[in-house]
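Residue numbering for the sequence shown follows full-length UniProt numbering, beginning at 1 and increasing consecutively.
It should be emphasised that the hints constitute simulated quantities derived from the structure, not laboratory data. The reader is advised that the hints may include incorrect statements.
Label-pair restraints from in silico Cβ distances [to be verified]:
#	residue 1	residue 2	range
1	MET215	HIS138	29 to 39 angstroms
2	LYS260	PRO71	32 to 42 angstroms
3	ARG289	LYS141	14 to 24 angstroms
Listed below are the simulated DSSO-like cross-link pairs for lysine-lysine, each with C-alpha atoms no more than 30 angstroms apart in a straight line [unchecked claim]:
#	residue 1	residue 2
4	LYS260	LYS224
5	LYS96	LYS43
6	LYS141	LYS194
7	LYS21	LYS169
8	LYS21	LYS38
9	LYS169	LYS141
10	LYS269	LYS142
11	LYS194	LYS305
12	LYS43	LYS141
13	LYS43	LYS236
No experiment lies behind these values; they were computed from the predicted model shown. Cβ atoms here follow ideal geometry from the backbone N, Cα and C, with glycine treated the same way.
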Amino acid sequence: QGASRTMFLPASMQKIETAEKRRTITPEDHPMFPAETKQMLEKLASSTTDEYFTSSRGLRLFTRTMTPTDPPRGAILICHGYGDHLRWFLCDTMVKFVEAGFVVTGLEMEGHGWSDGNIAMLDNFELALQDVFEYLKHMQKKFSELRWLIFGESMGGMVAIRASIEAQKQGWEGEPVHGAILQAPMCTIAPEMKPSEFMVGALRVLSHIIPSVPMVPSDISVEKMIRRPDMLAVGKANPLCYVGLPRLATARELYDATLKLDSEMEQMKTPFLVLHGSADVITNIEGSRALHARAGCSPEKKTIKVYEDAWHALTSGEPEPVNGEVWRDILEWAQANV
Numbered sequence: 001q002g003a004s005r006t007m008f009l010p011a012s013m014q015k016i017e018t019a020e021k022r023r024t025i026t027p028e029d030h031p032m033f034p035a036e037t038k039q040m041l042e043k044l045a046s047s048t049t050d051e052y053f054t055s056s057r058g059l060r061l062f063t064r065t066m067t068p069t070d071p072p073r074g075a076i077l078i079c080h081g082y083g084d085h086l087r088w089f090l091c092d093t094m095v096k097f098v099e100a101g102f103v104v105t106g107l108e109m110e111g112h113g114w115s116d117g118n119i120a121m122l123d124n125f126e127l128a129l130q131d132v133f134e135y136l137k138h139m140q141k142k143f144s145e146l147r148w149l150i151f152g153e154s155m156g157g158m159v160a161i162r163a164s165i166e167a168q169k170q171g172w173e174g175e176p177v178h179g180a181i182l183q184a185p186m187c188t189i190a191p192e193m194k195p196s197e198f199m200v201g202a203l204r205v206l207s208h209i210i211p212s213v214p215m216v217p218s219d220i221s222v223e224k225m226i227r228r229p230d231m232l233a234v235g236k237a238n239p240l241c242y243v244g245l246p247r248l249a250t251a252r253e254l255y256d257a258t259l260k261l262d263s264e265m266e267q268m269k270t271p272f273l274v275l276h277g278s279a280d281v282i283t284n285i286e287g288s289r290a291l292h293a294r295a296g297c298s299p300e301k302k303t304i305k306v307y308e309d310a311w312h313a314l315t316s317g318e319p320e321p322v323n324g325e326v327w328r329d330i331l332e333w334a335q336a337n338v
């Protein structure tokens with residue numbers, strides 16, 4: 001099992017396999033890092049805090065918090081997607097929220113970015129979610145005077161939904177989640193993509209024998225996420241992004257997580273905005289439609305926006321006028337819900 005951590009990964013992936021290796025790479029120093037975003041980060045350097053949050057299970061998880069110069073209108077927790085991290089395209093997302101007057105913070109989940117764990121290895125998704133819940137509570141105490149929203153993209157959208165539901169279940173004091181912004185969330189598996197019972201059974205057996213081996217067939221690629229050519233080149237250069245096949249344990253956990261979310265959609269009572277591209281082939285748009293139809297909040301508190309012909313990376317990979325429209329919808333909704 002120890003050997004399986006690296007021997008099945010391509011050389012490019014072995015360079016970022018462990019947290020120790022990933023922490024030697026500073027994404028913002030990469031020549032392909034967007035110059036405009038870098039300038040804004042330098043401008044906001046004095047109000048940006050990078051630090052590690054230690055979860056109750058002892059994991060050191062990288063976090064970034066940015067505060068606006070004027071009194072903040074609210075706070076937003078950022079949840080990244082599978083294989084991603086906070087310090088590439090999500091830098092621009094955080095900057096846009098800060099410019100709009102929000103305190104914005106994010107945590108890199110286990111096995112992602114500079115956080116502990118082997119790259120893209122999630123052998124217990126519920127524990128990884130618990131890390132996010134703990135961090136949200138921690139930050140809510142720190143900024144207790146502010147109303148909190150959660151922004152999540154792809155897998156992070158599922159995390160945002162589950163965090164909202166968990167807050168209701170646990171009865172957190174202060175109602176810390178006042179709204180969720182969900183970009184192309186991973187909600188359900190499309191019927192045509194559902195594996196057979198035999199395949200699921202095989203996955204469960206193998207994932208307990210060789211959990212970290214990356215061998216699950218997958219069509220996920222940056223080329224299918226980003227429609228804008230110049231941003232595709234930037235996306236492909238992302239130095240901390242995982243591009244290998246899903247690990248067996250991770251695939252099992254994400255599969256089970258979508259089943260759990262599908263069974264809990266009616267419990268989603270937090271107001272939300274869900275955004276999806278009609279041509280997204282990474283996450284199933286029907287999952288977003290199902291969430292909008294089934295969520296337990298009143299009709300006026302749930303909004304769905306579908307962008308014709310748009311792909312997966314709505315906030316960073318779409319050409320104009322779609323990109324501008326997406327950000328107008330996000331910021332207007334965020335400002336109205338704090």
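Right, here's what the structure says about each hint:
{"no.": "1", "hint": "MET215 - HIS138: 29 to 39 angstroms", "result": "36 angstroms, holds"}
{"no.": "2", "hint": "LYS260 - PRO71: 32 to 42 angstroms", "result": "39 angstroms, holds"}
{"no.": "3", "hint": "ARG289 - LYS141: 14 to 24 angstroms", "result": "36 angstroms, violated"}
{"no.": "4", "hint": "LYS260 - LYS224", "result": "26 angstroms, holds"}
{"no.": "5", "hint": "LYS96 - LYS43", "result": "13 angstroms, holds"}
{"no.": "6", "hint": "LYS141 - LYS194", "result": "41 angstroms, violated"}
{"no.": "7", "hint": "LYS21 - LYS169", "result": "38 angstroms, violated"}
{"no.": "8", "hint": "LYS21 - LYS38", "result": "23 angstroms, holds"}
{"no.": "9", "hint": "LYS169 - LYS141", "result": "19 angstroms, holds"}
{"no.": "10", "hint": "LYS269 - LYS142", "result": "25 angstroms, holds"}
{"no.": "11", "hint": "LYS194 - LYS305", "result": "25 angstroms, holds"}
{"no.": "12", "hint": "LYS43 - LYS141", "result": "27 angstroms, holds"}
{"no.": "13", "hint": "LYS43 - LYS236", "result": "26 angstroms, holds"}
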